[in-house]
Amino acid sequence: MINKVRADALEMLSVVPDGASIAIGGFGLTGVPVMLCHALCELDRRDLHIVSNNAGIDPTGVGRLVGEGRIRKFTGSFPSNKEFFTSFHSGSVELELVPQGTLAERMRAAGAGIPAFYTPTSAGTDLATGSYPARYDGEGQVTAWLSPKDVRVFGGVACVLETALATDFAFVKSYKADRLGNLAFRLASRNFNVPAAMAGRVTFCESQSIVEVGEIDPDGVHLPGIFVQHVIESQLGKFDAPTRGASL
Amino acid sequence: MSEPDALGWSREELATRAALDVPDGAYVNVGIGIPMLIASHIPEDREVWFHTENGVLGLGGVPEADEVDLDMQNAGKEYAKIVVGAAAFDSALSFAIVRGGHLDIAVLGGMQVASMGDLANWSVPGRTPGVGGAMDLVTGSKQVWVLMEHTDRAGTPKLMRHCTLPITGTRCVTRVYTTLGVFQPAGSHFECLDLAPGVDIETVRALTDAEVTLARDSRE
Numbered sequence: 020m021i022n023k024v025r026a027d028a029l030e031m032l033s034v035v036p037d038g039a040s041i042a043i044g045g046f047g048l049t050g051v052p053v054m055l056c057h058a059l060c061e062l063d064r065r066d067l068h069i070v071s072n073n074a075g076i077d078p079t080g081v082g083r084l085v086g087e088g089r090i091r092k093f094t095g096s097f098p099s100n101k102e103f104f105t106s107f108h109s110g111s112v113e114l115e116l117v118p119q120g121t122l123a124e125r126m127r128a129a130g131a132g133i134p135a136f137y138t139p140t141s142a143g144t145d146l147a148t149g150s151y152p153a154r155y156d157g158e159g160q161v162t163a164w165l166s167p168k169d170v171r172v173f174g175g176v177a178c179v180l181e182t183a184l185a186t187d188f189a190f191v192k193s194y195k196a197d198r199l200g201n202l203a204f205r206l207a208s209r210n211f212n213v214p215a216a217m218a219g220r221v222t223f224c225e226s227q228s229i230v231e232v233g234e235i236d237p238d239g240v241h242l243p244g245i246f247v248q249h250v251i252e253s254q255l256g257k258f259d260a261p262t263r264g265a266s267l
Numbered sequence: 706m707s708e709p710d711a712l713g714w715s716r717e718e719l720a721t722r723a724a725l726d727v728p729d730g731a732y733v734n735v736g737i738g739i740p741m742l743i744a745s746h747i748p749e750d751r752e753v754w755f756h757t758e759n760g761v762l763g764l765g766g767v768p769e770a771d772e773v774d775l776d777m778q779n780a781g782k783e784y785a786k787i788v789v790g791a792a793a794f795d796s797a798l799s800f801a802i803v804r805g806g807h808l809d810i811a812v813l814g815g816m817q818v819a820s821m822g823d824l825a826n827w828s829v830p831g832r833t834p835g836v837g838g839a840m841d842l843v844t845g846s847k848q849v850w851v852l853m854e855h856t857d858r859a860g861t862p863k864l865m866r867h868c869t870l871p872i873t874g875t876r877c878v879t880r881v882y883t884t885l886g887v888f889q890p891a892g893s894h895f896e897c898l899d900l901a902p903g904v905d906i907e908t909v910r911a912l913t914d915a916e917v918t919l920a921r922d923s924r925e
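Taken in order, these protein sequences are the chains called A and B. For what it's worth, my numbering labels the leading residue of the first sequence as 20, then goes sequentially. For what it's worth, my numbering labels the leading residue of the second sequence as 706, then goes sequentially.
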């Protein structure tokens, strides 16, 4: 019998090694798997490649991974968090800045068996021509730039080649989950959770509630359980850093 | 919020002016800043649907404290309401809506717009890195409107012959609403479609890097 429900977050995430790549769902404060991010901090994992739209907007969730210096590389569209800015400009984090729609589609493509695709988004801009910094040294000098993208014209429109973005793991947050991993979300908290779950080779879901099989109507399943390997009930505040709030 | 400009429209008046041009039945994405003010100034006899990039079509206004739903924010990461009939979806589908040409109008803020229609609004070297959905919005939407002050705080023009800041997209802007008037990028110049009360075309020309012509039906 399939039962993807787990009881212990630390035990569940112990298979995630240092250096892993992880796609994380969420946009702003909605749909962020905060407990899973914090559990990873408790496990003291480092050197991570995080793929997420934002880098957290306060010291929780992805923001805590940033603040504790656990990230080697960040792929995302809007890492506006102050600690991230400092880490990037001091050379401790590499940044792959990606337009938001391209980020979502690259994650979706990874799970959909599409190795690459062309899109008009970013054609002719610094993000496509190799003119945007990817890494700084400690003195504020750029030491690496984003790679220039292949360009092809379709119907008179210049398009850039984007590759699928597969990750070792994914962390997502749902409203409801069952033991099969079927997920349902609410309103704007669905966001990157669906593409992230598709990008991850192993997907962990933190769910607001765990329900009986059949309780989520088949037409109300937003992500089928075949994309999800592990499910755990969210516990608000579990693994929060003891200093939380002090630095706000 | 900054002081209203002494000259021309305030930010609120600018949003009100742009809202007048949003047609009944339009699907519209509004960006962070002045563009977001448009939503509350749509004339009451029009049905306009607002898309938010984080996955909702049918974005509503700002909730009262007791109406806040923790699962509902807008693209500016502020808690927001939805309207009856709203639809929720994931980010990949949200940007299929954006990129696929389904939105009638994307309304964005701007740092510079060039007369060819190029927009710069995402990056200032040395500042916080972040592009968000801006590059997707300008490539996909049927119309791209930019709402911004006519000049920056130092009085430097923002309507340019060529953008000097990193561009968000080329030849994408179809209309610019500034504190001084309404303009259409026309290749070698901007065509002025309307002027704010008390603003004349010579004032506009003095504060604009590119050439500006006056459309026949605009008032002066």
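Read the hints as simulated data drawn from the structure, not as lab findings. Hints are supplied without guarantee of correctness; some may be wrong.
[Stated by the list, open to error] Below 27 Å or equal to it, Euclidean Cα-Cα: the simulated DSS-like pairs (lysine-lysine) are:
id, chain 1, residue 1, chain 2, residue 2
1, A, Lys92, B, Lys786
2, A, Lys101, B, Lys782
3, B, Lys786, B, Lys847
4, B, Lys847, B, Lys782
5, B, Lys782, A, Lys195
6, A, Lys23, A, Lys257
7, A, Lys257, B, Lys782
8, A, Lys101, A, Lys195
9, A, Lys257, A, Lys101
10, A, Lys23, A, Lys168
11, A, Lys92, A, Lys195
12, B, Lys782, A, Lys168
13, A, Lys195, B, Lys847
Verification of the supplied hints:
no.	hint	verdict
1	A:Lys92 - B:Lys786	violated, 35 Å
2	A:Lys101 - B:Lys782	holds, 16 Å
3	B:Lys786 - B:Lys847	holds, 26 Å
4	B:Lys847 - B:Lys782	holds, 25 Å
5	B:Lys782 - A:Lys195	holds, 23 Å
6	A:Lys23 - A:Lys257	holds, 20 Å
7	A:Lys257 - B:Lys782	holds, 24 Å
8	A:Lys101 - A:Lys195	violated, 33 Å
9	A:Lys257 - A:Lys101	holds, 25 Å
10	A:Lys23 - A:Lys168	violated, 40 Å
11	A:Lys92 - A:Lys195	violated, 31 Å
12	B:Lys782 - A:Lys168	violated, 30 Å
13	A:Lys195 - B:Lys847	violated, 37 Å
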